[in-house]
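Colleague: Sequence:
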Amino acid sequence: MSARLQRLSAPAWTGLIVAGLVVPWLFPHHLTVFAFAWCMVVLALSWDICGGQMGYNSFGNIFFFGIGMYACAVVQRDLWHGVASGQAQLVLTAPQYLIGLGLGLVAGVVAAVALAFLLGSQILGMRGHYFAICTLGLGIAAGEIATGVDFIGAGSGMVTPLMPAGLPGKEIFYYAFFMLLALFALWLLSRLYAGRFGLALNAIRDNEDKAEAMGLPTVAYKTTAWAVSAALLALAGGGVGNLVGFIDPIDVAFAGASFGVWMILMAILGGKGTLWGPLIGAFLFYAAKEVTWTYFLGWQRVMLGALIVIIVVFFPEGIMGWLRERFPARFGGAPASETQEDRS
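Read in this note's numbering, the sequence shown has 2 at position 2, and its numbers run on one by one without any break.
These aren't lab readings, by the way, just hints derived from the structure by calculation. Even for Gly, the Cβ is constructed at its ideal location relative to N, Cα and C. Honestly, I wouldn't trust all of these hints.
Computed Cβ-Cβ distance ranges for the label pairs, DEER-style [stated by the list, open to error]: (1) Asp150 <-> Pro328: 51 to 61 Å; (2) Ile133 <-> Trp187: 28 to 38 Å; (3) Asp150 <-> Thr294: 34 to 44 Å; (4) His29 <-> Phe117: 34 to 44 Å; (5) Phe296 <-> Gly169: 21 to 31 Å; (6) Val106 <-> Gly195: 46 to 56 Å; (7) Ile99 <-> Val33: 22 to 32 Å; (8) Ile133 <-> Ala306: 41 to 51 Å; (9) Asp78 <-> Gln122: 29 to 39 Å.
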């Protein structure tokens with residue numbers, strides 16, 4: 001794997017930041033779309049931590065996304081109560097909203113990381129198809145849990161608090177939130193991948209038995225990687241719940257063929273096991289999704305299925321894998337799948 005694919009150069013950082021800053025002025029009426037585009041970057045990067053860098057293809061990461069959504073919404077709902085009625089307030093002052101949002105995001109991260117360590121210590125002992133099937137069950141269970149618990153709205157979902165007066169508009173607020181979260185995720189992962197942590201994940205991907213024989217605590221590294229992924233997903237989930245204003249249980253189930261499937265497709269489209277791949281794949285996939293959902297309404301699922309076929313047939317190693325093959329001097333390094341065992 002070329003080291004340059006695991007980092008962003010200064011011009012790349014500058015381009016991303018400048019592009020992010022000018023979008024609100026160029027497209028002021030489409031900020032929700034661009035906010036979701038940045039969110040897709042976070043989802044793709046978070047899945048690629050285990051699926052690309054470590055070689056463990058998980059279908060259950062949507063579970064942590066859902067934890068972030070619901071934990072944040074519950075804290076925001078129950079933190080402030082009317083004194084006379086005892087009912088939760090959905091119309092808050094600006095300080096109440098910001099405090100509730102901040103505490104809700106923290107609660108979501110803490111809950112997601114705790115469950116990642118708890119579940120990971122057991123699930124991550126599995127390999128290959130067994131791990132993939134186990135996480136698929138986790139992803140399906142996420143939706144069933146969400147629709148069966150009355151405290152979080154069960155099948156009716158949950159409404160999140162309204163953006164109060166005194167704060168910027170919801171669209172620009174959450175556009176900035178997701179842009180900063182995506183840039184933070186890129187910075188954090190570029191630092192992690194450049195150090196011992198990244199080398200350990202790649203060693204697990206390339207040959208886990210040899211890594212264990214050399215004394216590498218593989219379960220500890222795998223669990224930590226899953227926890228980092230869970231934290232990023234929880235932050236994204238809390239933001240999405242507030243941006244949309246409503247939490248639909250179908251969005252936290254892998255079977256819903258939405259966020260849980262998209263994060264995998266975006267990473268594969270861009271190229272697993274690189275920092276650039278999920279970034280490029282996220283933007284391209286979300287652009288394609290918006291076009292199909294706008295101009296092919298009613299056929300969008302068919303178009304999504306066709307996109308999956310195109311990715312698998314023409315870009316089995318993703319866009320970055322294709323670039324490595326066509327331009328080895330510029331994007332040198334063998335595709336990740338050529339140096340790892342088939343894990344799913």
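Colleague: Does the Cβ pair Phe296, Gly169 satisfy 21 to 31 Å?
Modeller: Holds - the Cβ-Cβ distance for Phe296 and Gly169, about 30 Å, lies within 21 to 31 Å.
Colleague: Quick check on a hinted range of 34 to 44 Å for His29 and Phe117, using CB atoms only.
Modeller: Taking Cβ atoms as reference, His29 and Phe117 lie about 43 Å apart, which means the hint holds.
Colleague: Given a hint of 34 to 44 Å, does the C-beta separation of Asp150 and Thr294 actually sit inside it?
Modeller: Cβ of Asp150 to Cβ of Thr294: about 36 Å, so the range 34 to 44 Å holds.
Colleague: Does the Cβ distance between Asp150 and Pro328 fall inside 51 to 61 Å?
Modeller: With a Cβ separation near 57 Å, Asp150 and Pro328 satisfy 51 to 61 Å, so the hint holds.
Colleague: Please check whether Ile133 and Trp187 have a Cβ separation lying inside 28 to 38 Å.
Modeller: 34 Å, holds
Colleague: Is the hinted range of 29 to 39 Å satisfied by the C-beta distance from Asp78 to Gln122?
Modeller: 31 Å, holds
Colleague: Range first: 41 to 51 Å. Now tell me if the beta carbons of Ile133 and Ala306 are that far apart.
Modeller: Given range 41 to 51 Å: violated, Cβ gap about 26 Å.
Colleague: Please test the hint of 46 to 56 Å on the beta carbon pair from Val106 and Gly195.
Modeller: 26 Å, violated
Colleague: When you take the CB atoms of Ile99 and Val33, is the distance between them in 22 to 32 Å?
Modeller: 29 Å, holds
Of the numbered hints stated above, those contradicted by the structure are hints 6, 8, listed in ascending order.
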